[in-house]
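One line per chain: the protein sequences are A and B, in this order.
Sequential numbering of the first sequence, starting at 235, is according to my numbering.
Sequential numbering of the second sequence, starting at 10, is according to my numbering.
Hints in this document: simulated from the structure, not taken from any laboratory.
Any given hint could be a false lead.
Stated by the list, open to error - Label pairs and their computed distance ranges (CB to CB):
id : chain 1 : residue 1 : chain 2 : residue 2 : range
1  : B       : Ile130    : A       : Phe315    : 35 to 41 Å
2  : A       : Ala247    : B       : Met251    : 29 to 35 Å
3  : A       : Trp330    : B       : His49     : 20 to 26 Å
To be verified - In silico negatives: residues of chain B with every beta carbon more than 12 Å from chain A:
id : residue
4  : Leu11
5  : Ala131
6  : Glu134
7  : Gly143
8  : Thr147
9  : Ala154
10 : Phe161
11 : Tyr196
12 : Ala213
13 : Ile222
14 : Arg223
15 : Gly224
16 : Leu248
17 : Val253
The beta-carbon is built from N, C-alpha and C at its ideal position, and this holds for glycine as well.
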Amino acid sequence: MALLTHLWTTTAATVLDVLPIVAILVFFQIAVIRRRPPNLRRMVYGFVYVLLGLTLFLVGLEEALFPIGEIMARQLTDPDFLGIDAVGVSWQDYLWVFAFAAAIGFATTIAEPSLIAVAVKANQVSGGTISVWGLRITVAIGVATGVSLGTFRIVTGTPLHWYIIAGYAALILQTMRAVRVAAPIVPLAYDSGGVTTSTVTVPLVAALGLGLASTIPGRSPVIDGFGLIAFASLFPMISVLGYADLSAWRRRRRRARDAEQQGRKT
Amino acid sequence: MLAGFLSLLRMVAGSLRDLAPILLVIGFFQIAVLQQPLPHVERIAVGVVLVMIGLTLFIQGLEMGLFPIGEAMAQALARKGSLAWLLAFAFCLGFGTTAAEPALIAVAAKAARAMADAGVIAADEAAQASYALGLRVTVALSVGASLVLGVFRILKGWPVHVLIIGGYLIVVVLTFFAPPEIIGVAYDSGGVTTSTVTVPLVTALGVGLASSIRGRNPLTDGFGLIAFASMFPMIFVMLYGMAV
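This is chain B alone, in the form it adopts within the complex:
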């Protein structure tokens, strides 16, 4: 009982350490640079306690839930020996987690407004909504496709850097042909697709897969899925900007 309580206390202290840099930065800039008192100290205190408990629970749940689920499913699908189901799972995971991602919804809406301001699409609400939806579907498709390629790479044992460098060369080339308004959006879309629940699942999927295939190393072959998921949206969004 006491041991359990102590380990819980240690975990909460660990979360406080994760959070300390933010508190220090905000405190320093508020007091030393802006020279203002900290507003709503009690509200900040409540928020910090919530963040600490939340982070502790999340890390605990990661080890109990998300990692084992991802690895168990990757291994079960690999044992089943059906390439089609494995790739279908990868695609669904990528598409499903991205289509509903709140950060992406926000970016897509902002991008539609920017395009309407630039006169690329009509300024009315319907045109903007359909542009934003098209953008979301494009990004979701691209993340699905990226995980399919990423899983295929793990199975084949291809080196990740060749594919990534090739992909970034495509990004650079497309930059010169895509409409200028879409470029900032395209570059940012790579960053917003990977949510906090998706990242552990996808990491566990890669590591689980690499460790269940003979001749693959979980470190060199298991990682890299997230890199694909951040690169593909840039390519797809620039192509979308050129097509629409």
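Isolated chain A, as found in the complex:
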């Protein structure tokens, strides 16, 4: 019964959430384009599928995975579990927290629907050169690194902006290199930063940040609790550009080796 109520309220919330989008699409279709789009019926069915799918997805997450994830985040950051007292916190005591942050960052990113959408589109547009799973795993590694480093920052209490600025500097250097060796991937790499932080990742990562900030003495949840999401969107850009660079390098090396073998044959 509670599940049915939950289903119903989530459906209502999702519909309300999507209403402005539908209104904009319908307005431009009727007032500006003034032509019936091809396969209208199929599109409407598709939209309904998306709504229904998103609702079931959210209800399932909220029923099962978010509560456990949040309890676990709280238990892992509990000073009793970590075996520390209030004074003299050292970051070595938090190794399990960093491991959990990385693992949950990776796992939630693999399940992130927005990332699936972008990966599918990138695969189609690139004619199959960019593999759906390759992109998803690379982005997930980026999020794992980012969230883990973000929890390290909360534990050590170092200023957020130094990490972010260092990350941007790395990103700028990588971009300057990527423009020469792997230019087509650059816009996609930037996009993968924005899509990682959506329905699945944000609630669990936010719970982790809040749990940490409220159990470590001297941290404030309202100031130190923020910022984890920024890590989760910065590092995927770095990991995707890094992967593009790596595969460009491997391609070059293979070509050089082939050329060498060719030379030996003749």
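Take the given structure of chain A and dock chain B to it, following the hints.
Chain B alone, transformed into the frame defined by chain A:
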């Protein structure tokens, strides 16, 4: 009939694979690290089934609905040849989808409380509510503006990295002038603006536009809109923090 059933089964299995890492992580940490039994196993099972069906439907609907809608509208507006309508569409899509975004509403309320605690704004309810609303409108405006610039970039064929690097330099410079309480909020606001329905639509808009303009490549020119939509809010929120 059988073929249809088999392909459905394959899709549901695919969704299970998407979900497996979360289940493994939660199971491992619960049993091996925290050394506790999994609570409410039947509730988890129901939830996992719902998530699997939901993800399958979503991916199906993506290919049938959101991608074709975004691409068809981008192409129709491009064919119409009216720059003003195209930019208006981009702005409305950005503003409309962000203003009502639940994640943003939550972050704005939290930020208002943080600012009241820090004594930047008055601690009463009305001041916090108006601060939160102002923040939401700021972020929504910034996402609208970012899509306008992003679409304009596709039309002009400007390289995305120059604009993005320039934008991040502005972010870094503003960080030193904005009040410290707003910085975490500003950095996070870039991540929360892109919802699950917006991302496929905006991606399809960019790719559809790039593929309908001669001389543009859907991969190099079509992507990048989401990057703008994640960067602009950081700049606008820090400016808002400095102005208020």
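Checked hints:
Between Ile130 of chain B and Phe315 of chain A, the C-beta spacing of about 37 Å keeps the proposed range 35 to 41 Å intact. For Ala247 of chain A and Met251 of chain B, the Cβ-Cβ distance of about 34 Å falls inside the hinted range of 29 to 35 Å, so the restraint holds. Between Trp330 of chain A and His49 of chain B the beta carbons are some 23 Å apart, a value that agrees with the proposed interval 20 to 26 Å. For Leu11 of chain B, the non-interface assignment is confirmed: its Cβ lies about 22 Å from the closest Cβ of chain A, beyond the 12 Å cut-off.
Every beta carbon of chain A lies more than 12 Å from that of Ala131 of chain B, the smallest distance being close to 17 Å; the non-interface claim holds. Residue placement check: Glu134 of chain B keeps its beta carbon more than 12 Å from all beta carbons of chain A (closest about 17 Å). Every C-beta of chain A lies more than 12 Å from that of Gly143 of chain B, the closest at about 18 Å, which supports listing it as non-interface. The claim that Thr147 of chain B is not at the interface with chain A holds, since no C-beta of that chain comes within 12 Å of its own (minimum 16 Å).
Even its closest Cβ contact with chain A, about 15 Å, leaves Ala154 of chain B beyond 12 Å, as expected for a residue assigned away from the interface. With a least CB separation of 15 Å from chain A, Phe161 of chain B remains clear of the 12 Å interface cut-off, as annotated. Remark: the non-interface label on Tyr196 of chain B conflicts with the geometry, its nearest Cβ contact in chain A lying 3 Å away (cut-off 12 Å). Not every beta carbon of chain A lies more than 12 Å from that of Ala213 of chain B, the smallest distance being close to 7 Å; the non-interface claim is violated.
Non-interface call for Ile222 of chain B relative to chain A: holds, since the shortest CB-CB distance, roughly 14 Å, exceeds 12 Å. For Arg223 of chain B, the shortest C-beta to C-beta distance to chain A comes to about 17 Å, beyond the 12 Å cut-off, and the non-interface label holds. At roughly 15 Å from the closest C-beta of chain A, the C-beta of Gly224 of chain B stays outside 12 Å, upholding its exclusion from the interface. The beta carbon of Leu248 of chain B is kept farther than 12 Å from every beta carbon of chain A, the shortest such distance being approximately 16 Å.
A cut-off of 12 Å between C-beta atoms confirms that Val253 of chain B is not in contact with chain A; the least separation is 17 Å.
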